[in-house]
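Protein chains: 2
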Amino acid sequence: MSKELTSRAENYNQWYNDLVLKGGLADYSAVKGCMVIKPYGYALWENMRDQLDRMFKETGHVNAYFPLFVPKSLFEAEEKNAEGFAKECAVVTHYRLKNDPDKKGRLMVDPEAKLEEELVVRPTSEAIIWNTYKDWIQSYRDLPILINQWANVVRWEMRTRLFLRTAEFLWQEGHTAHATKEEAVDETVKMLDVYANFVEEYMAVPVIKGVKTPNERFAGAEDTYCIEALMQDGKALQAGTSHFLGQNFAKAFNVQFLNKENKQEYVWATSWGVSTRLIGALIMSHSDDNGLVMPPRIAPIQVVIVPIYKGEESKPVIDGKVKEIMAELKALGIRVKYDDSDAARPGWKFAEHELKGVPVRIAMGLRDMENNVVELARRDTKEKQSVSIDGLGNYLKHLLEEIQQNIFNKALAFTKENTREADSWEEFVKMLDEQPGFISAHWDGTPETEEKIKELTKATIRCIPLDNKLEAGKCILTGNASTQRVLFARAY
Amino acid sequence: MSKELTSRAENYNQWYNDLVLKGGLADYSAVKGCMVIKPYGYALWENMRDQLDRMFKETGHVNAYFPLFVPKSLFEAEEKNAEGFAKECAVVTHYRLKNDPDKKGRLMVDPEAKLEEELVVRPTSEAIIWNTYKDWIQSYRDLPILINQWANVVRWEMRTRLFLRTAEFLWQEGHTAHATKEEAVDETVKMLDVYANFVEEYMAVPVIKGVKTPNERFAGAEDTYCIEALMQDGKALQAGTSHFLGQNFAKAFNVQFLNKENKQEYVWATSWGVSTRLIGALIMSHSDDNGLVMPPRIAPIQVVIVPIYKGEESKPVIDGKVKEIMAELKALGIRVKYDDSDAARPGWKFAEHELKGVPVRIAMGLRDMENNVVELARRDTKEKQSVSIDGLGNYLKHLLEEIQQNIFNKALAFTKENTREADSWEEFVKMLDEQPGFISAHWDGTPETEEKIKELTKATIRCIPLDNKLEAGKCILTGNASTQRVLFARAY
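First to last, the sequence lines map onto chains A and B. Counting in my numbering, the first sequence runs from 1 upward without gaps. Counting in my numbering, the second sequence runs from 1 upward without gaps.
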């Protein structure tokens with residue numbers, strides 16, 4: 001191996017960190033809780049972003065950009081939202097530094113440059129956006145507004161983990177405004193479906209669609225819809241949320257419109273977002289003890305070609321042939337890299353590409369070339385095979401799709417195997433420790449019981465699945481009557 | 001007209017603001033000096049960004065993402081850079097808000113949540129990036145690093161103008177690291193060429209490539225290369241800069257590498273950036289008293305089709321034909337919009353699309369359809385013509401390129417007409433007031449003279465053009481000997 005990796009069995013958290021750092025996805029930074037997204041990680045994010053962006057535009061959304069800062073008076077306007085984020089805000093209080101008279105070459109905050117009103121670095125943009133929508137909306141003709149924003153946001157987290165929980169992260173946030181409640185609810189559900197489709201079809205991560213309990217709702221929402229995914233250690237990860245905001249923000253910012261009946265009415269709102277956190281979900285869904293496993297549809301590199309030179313004279317022959325193959329693959333839209341650097345031996349390169357999760361590796365040696373074949377290795381199954389150079393492009397196109405499907409199927413089987421029903425408190429507690437995963441269990445529907453279960457077990461209600469069937473039962477904790485099972489898990 | 005516009009002659013600055021606001025590009029925000037980029041303006045920025053991004057990748061660069069915040073101790077490490085930006089920094093000092101005990105429902109900065117070290121919101125990222133590169137660079141094998149970042153930055157400007165000068169703006173910043181001075185200088189010039197090509201070929205804005213005088217250099221650079229463009233009021237606008245940073249940042253952050261001779265050496269650096277300010281240049285280069293004029297290659301909408309209904313029964317007939325045409329145009333990669341909203345009459349729509357600068361407008365009426373033609377209007381020349389529906393797609397593809405070229409030629413002619421030589425102080429001063437534009441004049445090469453000229457006239461040396469020919473002469477202010485002319489102008 002080029003780089004020592006911790007195995008999952010040895011230390012799951014360390015395994016995750018090793019993959020992020022040694023796989024070249026991200027790095028720690030000099031700023032507490034903030035990460036550097038390295039080129040390989042950023043290329044992955046670009047592929048995810050571009051596909052999501054296409055899906056947003058296909059569903060009628062447009063992009064815009066709103067300020068990074070939220071004046072405190074706007075931030076506090078929607079009370080629940082403000083309360084939810086106040087404890088983790090970066091606050092700008094000054095707009096100038098000056099030379100420190102006591103320390104040569106050092107700077108200090110200039111006390112004379114204090115802002116009249118503090119600015120909060122956006123943890124989310126409902127406040128600044130709804131304050132803007134106020135000026136854009138007069139009549140029903142101005143609705144709906146279907147805007148998305150790609151941006152950085154800051155939430156001052158105390159315990160951070162690369163991608164999973166960082167003080168600054170990249171995300172998109174959709175903020176839509178509607179004339180009716182029904183339309184806003186439809187939008188909320190539509191965007192949840194977009195997220196579920198994206199995460200399953202492109203990231204190959206199976207998800208459960210559901211609704212959050214009131215306890216777990218976004219601060220300021222009437223209803224929070226979510227997609228939840230199961231990681232290899234049996235913990236759940238919230239992969240995306242879509243909020244029906246009711247008229248809360250319209251009322252906080254006094255955004256009314258003249259409806260068709262010529263009456264003033266408050267506007268209905270939604271917001272929805274996914275973030276670089278998804279990369280954490282990707283890593284923990286598919287990777288193994290040898291490194292990352294990238295789903296082909298969003299892999300920065302889909303195919304890597306490694307030349308196996310035998311003496312100097314073989315170089316131009318192999319390079320020439322690879323050049324032809326590269327042209328064929330690129331014409332088919334395959335993201336291919338030729339790793340012909342002379343800084344490392346083939347074995348080292350193999351391990352490196354395995355670590356980085358490149359779906360297909362092709363080794364190109366002289367003898368193979370004479371036989372008009374290449375040696376091809378799949379990252380997902382580790383199978384090797386000899387494949388004819390004729391029609392290699394089309395072969396790879398199909399193979400990449402097969403790998404995509406295989407990775408998804410594997411994750412889906414894992415999720416199904418690790419979703420269990422518990423019908424008593426003892427069973428529930430035992431499962432959590434011995435067979436961690438999603439646990440489907442009855443709950444009496446009260447926030448108090450939910451809170452108590454969390455306190456006792458660290459498990460939370462991930463969601464009430466959208467396709468839930470009603471079923472009479474008894475709450476696992478209180479024994480009180482329940483009408484349906486909900487999905488519990490310990491979570492990231 | 002749908003919306004009243006101020007004319008250039010009446011009030012140039014108001015004309016500009018009218019175009020930005022009424023053209024739907026941007027809006028003021030609740031945060032002093034920060035703007036909202038509206039969907040139409042953001043779509044324009046996306047087209048610019050995507051093209052630039054392609055050009056960066058074609059020249060071997062990759063994207064990454066570095067933290068928004070720069071700890072004060074890193075910010076002050078490169079002294080000149082710190083000094084240059086200290087006076088306009090947003091500074092985060094606290095990480096939490098709490099309920100204000102004196103005002104119900106209000107929040108206040110929690111004095112107990114004061115950061116040990118203040119964080120500067122990045123005005124530019126050299127400091128945080130070079131502090132990171134330190135960990136990434138050990139040997140010459142780790143070089144070059146060719147990284148670009150798309151990000152928001154904050155500079156606390158006192159007098160702001162939409163797009164031209166805002167407290168927060170969007171930009172890209174390239175930060176490269178090299179083993180030799182020569183390689184770094186080559187990179188600096190290469191990226192200046194990329195900028196010049198992009199701005200001329202896609203934005204249709206002609207530019208002068210040059211080098212800044214020491215007075216006008218980027219804080220921390222050894223040399224600043226720039227592209228300068230001339231606006232319609234005869235003022236210059238700096239459209240992009242590329243900096244050769246020497247070893248300044250490597251020394252400030254102690255970034256050394258083991259060279260091929262096994263010796264430790266400081267790394268050589270460049271940085272280069274363009275921003276949403278370019279949109280200001282675009283507006284002021286091409287627009288007229290009727291509104292914006294978008295160059296087709298980056299126009300959010302290249303062709304708009306407006307139906308001219310005569311009675312209800314004509315609607316399905318026209319809509320059906322337009323659907324066919326839209327499909328043809330889209331297949332050719334033309335960005336086309338069908339404006340069939342019933343909220344406005346055709347005349348109002350015509351004015352609106354003119355205001356928004358859509359390059360080609362097509363009016364589609366029943367009688368035209370019967371004759372198998374459409375009425376087509378060019379935004380740039382305002383010419384109207386009747387064009388056959390057969391082969392309309394290809395006709396438009398060529399027409400859009402012709403419009404692109406025409407817009408560029410017009411701007412180029414304007415720049416040439418308004419670039420003059422001045423050979424005496426009197427001539428120079430008179431020109432500045434009566435024939436504003438670029439003035440090519442002799443300067444004795446001292447910072448003092450440059451400063452004095454600025455003080456007396458508000459004109460600055462925009463650059464020493466790259467293709468400058470040497471020519472003996474006398475400084476327009478001091479009469480001292482000069483070896484070449486330099487380019488003066490009043491500037492944005």
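If you're looking for bench data, these hints aren't it; they were derived computationally from the structure. Heads up, a few of these hints could be off.
Where chains are identical, the list cannot tell them apart; a pair therefore holds if satisfied intra-copy or between any two copies.
As the list claims (entries may be wrong) - Straight line, CA to CA, 27 Å or less: simulated DSS-like cross-link-like pairs of lysine-lysine: (1) Lys337 <-> Lys190; (2) Lys104 <-> Lys134; (3) Lys323 <-> Lys235; (4) Lys114 <-> Lys103; (5) Lys190 <-> Lys469; (6) Lys260 <-> Lys452.
Quick rundown of the hints versus the structure:
| no. | hint | in the structure |
| --- | --- | --- |
| 1 | Lys337 <-> Lys190 | between (37 Å within a copy, 24 Å between copies) |
| 2 | Lys104 <-> Lys134 | between (49 Å within a copy, 25 Å between copies) |
| 3 | Lys323 <-> Lys235 | neither (45 Å within a copy, 50 Å between copies) |
| 4 | Lys114 <-> Lys103 | both (21 Å within a copy, 21 Å between copies) |
| 5 | Lys190 <-> Lys469 | within (21 Å within a copy, 63 Å between copies) |
| 6 | Lys260 <-> Lys452 | neither (48 Å within a copy, 64 Å between copies) |
Taken one by one, the earlier hints fail for this structure at numbers 3 and 6, listed in ascending order.
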